[in-house]
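Protein sequences appear in the order of chains A and B. Numbering (this note's numbering) for the first sequence: 1 to 277. Numbering (this note's numbering) for the second sequence: 1001 to 1328.
Hints listed in this document are in silico derivations from the structure and should not be mistaken for laboratory results. Any given hint could turn out to be false.
Heads up, incomplete: computed chain B residues facing chain A, CB under 10 Å, no partners named [what the hints assert, rightly or not]:
| hint | residue |
| --- | --- |
| 1 | G1057 |
| 2 | G1060 |
| 3 | P1070 |
| 4 | R1071 |
| 5 | S1073 |
| 6 | A1077 |
| 7 | M1078 |
| 8 | P1081 |
| 9 | P1209 |
| 10 | L1221 |
| 11 | T1225 |
| 12 | E1232 |
| 13 | L1285 |
We treat Cβ as the ideally placed atom computed from N, Cα and C, and that holds for glycine.
Chain by chain, the residues run as shown.
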Amino acid sequence: MRLGWSSKQSSQRILRVAGILFLAMLLFYIVVYWYQPFSDFWNNFFANVVPQVASLIAAVFATLIWNLYDRQDPPRRVWGWFALALWMWFGAEVAWGYLNIVAGEVSLGLPDVLWITSYLFLGLALIQQFRILSEPGSRVLWTGIAIAAAALVGLTAGIHRMITAAAETPPTPDVIVNSFYPAADLIMAVIALWLARNFMGGAFSRPWIGLLVFSFADLLYAWLEASGMYAWSLEQGNLLTTLADVAYLGSYLVLGWGVLYMWLFLKYGLLRHTDAR
Amino acid sequence: MPDFTSTLPDTHFRVPQRTLRTLLESYRQEQCTGLMRLRYPSGMDLVSTFLDGTQTGLYGCLNQKMEVIPRQSWTYAMDRPDASIAFLNLSVEAMRLARIAHEAPVLGMEQSHCTRGDLSDRVQDWAAGTSPTVLFVRSESVERVYLIAGYSTPILEELTFEGRESRFSVTDSAFPNALADEEYQVRWFVSDGDHELWQEYRLRYAFNPLVRMVINRFSQLAGRTLTERLCEQLSAWLQDQGWRMNSTINGLSNRHYFESIQQARNACLAIMRRFNDESSQAIGLRMAEGLWWETLLKMDPHCRDLLKKYFYNQDGLDHAGLARRIES
């Protein structure tokens, strides 16, 4: 359907509609979370479905970005891995939500496998972006990868030690995995910050700003979860849990917004404003 | 420099002043680009240049030596009867070459008869040297003019005359290998590389690869589709500026005739700024500016120094960030 809008108008209108939609999702989530207006089942259902929809939006637009690039374009490799990671997140959200609705308590299992695998794909996406940006020699590249891997292991071990020492619990796979998430988020945040700074002011910085925000929100969530504060706060009906969960959804939406912005730019950007679409 | 138009056959013979004025008017109306040679019985010939019908230069030619006639004397110099006239249509690129061949100062001149092999060796020497050379190569029926900028500039401009036909092309220092294996009458004029015509020439051949490499790097970062759109935007803007330039994914095609090095430099700076304005929407201004500097560092030392001289050491550059990079 041709609406006779210029490329700029199309882009602005889509962004406006998406902004209203994302805001409505966030408000709806807060209402459901705080006031619980429906039955227990539906409250739980909506609280799970909204983040799933947010993660789905990010995954779909990342895939569309991947699809917009030519086969020979170096950024296509970045977005291939990035989209795969986002689909993993979506899969993990769906699996976690399903288990949460069916079983209530979600223990270590399929969602964690998907989340941990997604970090591998995210890592590959970030390595590709680093290669495009810095054109490093193989020695520099492998040194960078080794430093990031060592930092990940070191941070995971450090967080694990802090948690087990504070809670005086023996090391279990649960605690190891819960220690991995904040460590991986922290490293992801540092890389996302570097990428956002490189593309500062340009459309290409938006997805990385989204990833940066997501990293911090996930870091907060993962830290509360790993330290046991999340479970404690949930029992107390504390604001801390709400804050973490709302920030988590909000960061998904910011990531989705960033990816949508990038997709719109690739589709409509640098066109003459009179070009009707 | 010698008058390389001297072999052009006349088309009008011993015309009165009124006819000359009519001819000039018709060139103006038809927006002709090329050279007009006026041969007078006195032996003092004139060569006038036209760009889109506008007269851009007038040269006096006596004993195979050309001199620039100042604009205020054009009417007086041409207001003489009995001129036999020849006109040669040229492209803008050929006009730029002709201007250097006509106006660039001569520091030294030699001539000899060369075989193809001898010529090949000499061209390699001139191309690797630091002084620019204007080379005239004449065979039985063909006259060729070459501009050799020196500093191993990979591109040489060539203008070939054969009767009333002329052909402009770009070639490289291996061009003698493509000539017929015969003896050539060769004259070469060592010129002054600091003259602004050569500066403009060298700037052009340093700036074009810079733009090509920057566009290529942008394509690596942003993909082919966005790069094509960026080039389209840049081309539209170049046309709006009235410059005969075009931007594609393969670089910048520059067919513009700049009157001075200052005009050429300002145009290049404006192109850099425009590129930054457009590309920064995608990759941010910091990275857009960084692309130029990063690419500049990959160029050969001569081009790098030349481009730095024009774009990075001037107060007029509005990219303060770039200036700071140089200082650091």
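Next on the checklist: For the restraint on T1225 of chain B, tell me whether the closest CB of chain A is nearer than 10 Å.
Outcome noted: Nearest chain A Cβ about 7 Å off; hint holds.
Item to check | Supplied contact hint for P1070 of chain B, tested at 10 Å Cβ to chain A | outcome: violated, 45 Å
Checklist entry - Is the shortest C-beta separation between P1209 of chain B and chain A less than 10 Å? => result Given a least distance of 18 Å, the restraint on P1209 of chain B is violated.
Next on the checklist: Hint A1077 of chain B vs chain A: min CB-CB distance below 10 Å?
Outcome noted: Interface hint status for A1077 of chain B: violated (48 Å vs cutoff 10 Å).
Checklist entry - Are G1060 of chain B and chain A close enough, Cβ to Cβ, to be under 10 Å, as the hint says? => result Violated - the Cβ of G1060 of chain B stays beyond 10 Å from chain A, reaching only about 49 Å at its closest.
Checklist entry - Close enough to count: is the Cβ of L1221 of chain B nearer than 10 Å to one in chain A? => result Since the shortest Cβ distance to chain A is 6 Å, the answer is holds.
Item to check | Interface hint outcome for S1073 of chain B [beta carbon to chain A under 10 Å] | outcome: Cβ of S1073 of chain B sits 47 Å from chain A, so the hint is violated.
Checklist entry - Once the shortest beta carbon distance from R1071 of chain B to chain A is found, is it less than 10 Å? => result violated, 40 Å
Next on the checklist: Tell me if the interface restraint on M1078 of chain B is satisfied: Cβ within less than 10 Å of some Cβ in chain A.
Outcome noted: violated, 46 Å
Item to check | Restraint outcome when L1285 of chain B is required to lie within 10 Å of chain A by C-beta distance | outcome: Holds: closest Cβ of chain A sits about 5 Å from L1285 of chain B, inside 10 Å.
Item to check | Minimum beta-carbon distance criterion (10 Å), P1081 of chain B to chain A | outcome: violated, 55 Å
Item to check | chain A contact restraint for E1232 of chain B - C-beta distance below 10 Å | outcome: holds, 8 Å
Violation of the numbered hints given earlier is confined to hints 1, 2, 3, 4, 5, 6, 7, 8 and 9; the remaining hints are satisfied by the structure.
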